[in-house]
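Undergrad: The lines below spell out each chain.
2 protein chains.
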Amino acid sequence: MAARGPGMVTARQVAESLGVAVSTVGRALADDPRISPRTRLAVREAAERLGYVENLPAQMMRGGSSRMIGLMLPDIRNSFYATIADALSTCCDAAGYQLVVSIADSAEAEARHVRQLASARAAGIVIVPTPAPQAETCAMLARIPHVQLLRRVRELSPAWFGIDDMECLRAGTAHLIARGHRRIAYIGGSGDYSTGADRLAGFRRAFTEAGLDLAGAIEHLGPPADPRFGAEAAAALLAAADPPSAIITGAVQLTGAVLQAIAGRPLSEGREPALVGFGDEPSFSWWRGELTAIAMPIQELAQACGGWLIARLETGAAIEAHASIASAQLVEYRRAS
Amino acid sequence: MAARGPGMVTARQVAESLGVAVSTVGRALADDPRISPRTRLAVREAAERLGYVENLPAQMMRGGSSRMIGLMLPDIRNSFYATIADALSTCCDAAGYQLVVSIADSAEAEARHVRQLASARAAGIVIVPTPAPQAETCAMLARIPHVQLLRRVRELSPAWFGIDDMECLRAGTAHLIARGHRRIAYIGGSGDYSTGADRLAGFRRAFTEAGLDLAGAIEHLGPPADPRFGAEAAAALLAAADPPSAIITGAVQLTGAVLQAIAGRPLSEGREPALVGFGDEPSFSWWRGELTAIAMPIQELAQACGGWLIARLETGAAIEAHASIASAQLVEYRRAS
DNA sequence: ATGAAAGCGCTAACAG
DNA sequence: CTGTTAGCGCTTTCAT
Chain A
1 MAARGPGMVT
11 ARQVAESLGV
21 AVSTVGRALA
31 DDPRISPRTR
41 LAVREAAERL
51 GYVENLPAQM
61 MRGGSSRMIG
71 LMLPDIRNSF
81 YATIADALST
91 CCDAAGYQLV
101 VSIADSAEAE
111 ARHVRQLASA
121 RAAGIVIVPT
131 PAPQAETCAM
141 LARIPHVQLL
151 RRVRELSPAW
161 FGIDDMECLR
171 AGTAHLIARG
181 HRRIAYIGGS
191 GDYSTGADRL
201 AGFRRAFTEA
211 GLDLAGAIEH
221 LGPPADPRFG
231 AEAAAALLAA
241 ADPPSAIITG
251 AVQLTGAVLQ
261 AIAGRPLSEG
271 REPALVGFGD
281 EPSFSWWRGE
291 LTAIAMPIQE
301 LAQACGGWLI
311 ARLETGAAIE
321 AHASIASAQL
331 VEYRRAS
Chain B
1 MAARGPGMVT
11 ARQVAESLGV
21 AVSTVGRALA
31 DDPRISPRTR
41 LAVREAAERL
51 GYVENLPAQM
61 MRGGSSRMIG
71 LMLPDIRNSF
81 YATIADALST
91 CCDAAGYQLV
101 VSIADSAEAE
111 ARHVRQLASA
121 RAAGIVIVPT
131 PAPQAETCAM
141 LARIPHVQLL
151 RRVRELSPAW
161 FGIDDMECLR
171 AGTAHLIARG
181 HRRIAYIGGS
191 GDYSTGADRL
201 AGFRRAFTEA
211 GLDLAGAIEH
221 LGPPADPRFG
231 AEAAAALLAA
241 ADPPSAIITG
251 AVQLTGAVLQ
261 AIAGRPLSEG
271 REPALVGFGD
281 EPSFSWWRGE
291 LTAIAMPIQE
301 LAQACGGWLI
311 ARLETGAAIE
321 AHASIASAQL
331 VEYRRAS
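Residue numbers (the numbering used here), protein chains in the order written: chain A, 1 to 337; chain B, 1 to 337.
Since the hints were made in silico from the structure, they are not lab data.
Some hints could be false.
Label-pair distances were calculated between CB atoms; the ranges are [what the hints assert, rightly or not]:
1. Ala-132/B - Thr-39/A: 57 to 67 Å
2. Val-22/A - Arg-62/B: 11 to 21 Å
3. Glu-300/B - Asp-105/A: 40 to 50 Å
4. Asp-226/B - Gln-59/A: 54 to 64 Å
5. Gln-329/A - Ala-240/B: 31 to 41 Å
6. Gly-63/A - Ala-142/B: 28 to 38 Å
7. Glu-48/A - Glu-290/B: 49 to 59 Å
8. Ser-106/A - Ser-268/B: 45 to 55 Å
9. Ala-107/A - Ala-240/B: 54 to 64 Å
10. Arg-115/B - Ala-311/A: 16 to 26 Å
11. Gln-59/A - Val-22/B: 32 to 42 Å
12. Glu-16/B - Gly-316/A: 22 to 32 Å
For glycine and all other residues, C-beta sits at the position ideal for the given N, C-alpha and C.
The whole structure should be built from the sequences, with the hints applied where relevant.
TA: Take a look at the structure:
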């Protein structure tokens, strides 16, 4: 049931409509110099007229590439990942590849989707892996040129493109410490993810680097993609007997959730906690108070990642070890007065 | 260059490793009842051990379906479309299909991507068409079961799933009129898009239904996906000699741009324009003033759309005319006091 | 400059 | 229960 209507047109049909051989059609369409200009034109015209569309599966059986690059993401609604998909799509498009976006947020779904990409013989894969991919997933990926993005798992490719997670949170936290904050709460992802562990480490490092006691560091760890967790953590902090003077988040989703939670309570002038949010979104510009965003060059990161993979695919070079680390920048939003 | 490493394992290799025929392997893997349990087990075990992954292109040449559904979107960073991709992905996943997301925001890119989906023999396509698809695009889609989503173009499938665009803006505008506003500005997409034209018509209809003169209706029309346009329109309105008392937007992107533009100016108590924004986002909850959101059940819409298409694919039924219209709901956000 | 034929990996019809 | 064979649409020798 691949395609219906009058059915797909084959090269053979084009050939018959002209009384030539299939091989002639194939050559004409491939701009083979051995075909006479007259024949080539006739073939192209007939193909167009009949609505001929090349059959990729058949071409692949002859050793052709699928020119498809798979992108495995945990969540497309996350602006972070949407930006990546967008940048990679542009990147692939320019190089004549097609990006196939797969959304899978569990190791099982991940395995299913990787299998589908493998069975479709995707030329390459860019993957933001789940924290603990199945053995089968790793086995399949071992046979497909692939790159890890953002998250990193030991079992997969040694090629990785990501951001300096530790530095992101170290810088954000240091920013707060420099402004005099001593009781700082961190709401972030648990250590299951490589990124979660690194970010937490960065938060702690800022304290030790400043010679501060970690007693002032309050940590709320949970699922980084769950807004409910962020909202509850923020609510708990605000309602506490001795609330922190500042809050810093360690995941895009959590930042939004925390803002939402704070916005839900009445504005208590002068008592609002200082905020540092992971990620940078247009909507931060209308936050009611001051907010420092940890902005990352994800677009450039994705471009670099896609370009790198495509270059290996084109040259046929092996996927050697590679690590590209992008660093973040703090952006300050303050309300117009 | 389909896949490297030790190269992909074929059914023949599995067969040879066991000294059986290829067809036996094929049957065992397909759970054919005619194969003895012992052989079947041996085959499955060998396949697993060797890392065999079925070759979709080869299966397709035998008439098998690609079980791939293409989704053509103009912009994945738009939360609207991201939600659709997410919902459809879930939908497809549950039915054993794979969603292939393609991002194309021009008629040319659209044609390229549709061609790629066609050549890959996608089983079906869900498309948010560009305003004027190329003739070639239409010709190719005529041979592939497809459904239009949100936007509607006459040249394509008679099957369409969308929202009642006119009613959305009529209701939003009527809401403002009911609250006493008489000078209302509309910032929306130009009439090139089916949705743009309908939304503008809804805006105007609210005026005539209320027996009001259209002189109070200010219209700024432009590219609906361009935040710059939204920002400039908002800035112009606010700076005008006689600014409108209310602003209503006609596209998700424009709503954000307008909020951002207003947030950039100092808060002038009591003089802020009333706002009705197209779309509904979590970030609206921290808008500094009052805001009414036009919330649409896009998730349900996408689910319905995907379910409908998959049902036709499974049964082999033709894609008959169909129109499913979802209606919106107004959601009010007001700052906590 | 073009045609004929082989074969990619798989499934299904036909033979044992 | 299992093996043999044909053929899906295409590219690529090898022959004209």
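Undergrad: Does each hint fit the structure? Answer for all of them.
TA: Against the structure, the hints:
{"no.": "1", "hint": "Ala-132/B - Thr-39/A: 57 to 67 Å", "result": "34 Å, violated"}
{"no.": "2", "hint": "Val-22/A - Arg-62/B: 11 to 21 Å", "result": "19 Å, holds"}
{"no.": "3", "hint": "Glu-300/B - Asp-105/A: 40 to 50 Å", "result": "20 Å, violated"}
{"no.": "4", "hint": "Asp-226/B - Gln-59/A: 54 to 64 Å", "result": "39 Å, violated"}
{"no.": "5", "hint": "Gln-329/A - Ala-240/B: 31 to 41 Å", "result": "36 Å, holds"}
{"no.": "6", "hint": "Gly-63/A - Ala-142/B: 28 to 38 Å", "result": "31 Å, holds"}
{"no.": "7", "hint": "Glu-48/A - Glu-290/B: 49 to 59 Å", "result": "57 Å, holds"}
{"no.": "8", "hint": "Ser-106/A - Ser-268/B: 45 to 55 Å", "result": "49 Å, holds"}
{"no.": "9", "hint": "Ala-107/A - Ala-240/B: 54 to 64 Å", "result": "56 Å, holds"}
{"no.": "10", "hint": "Arg-115/B - Ala-311/A: 16 to 26 Å", "result": "25 Å, holds"}
{"no.": "11", "hint": "Gln-59/A - Val-22/B: 32 to 42 Å", "result": "22 Å, violated"}
{"no.": "12", "hint": "Glu-16/B - Gly-316/A: 22 to 32 Å", "result": "27 Å, holds"}
In this structure, the hints that do not hold are numbers 1, 3, 4, 11, in rising order.
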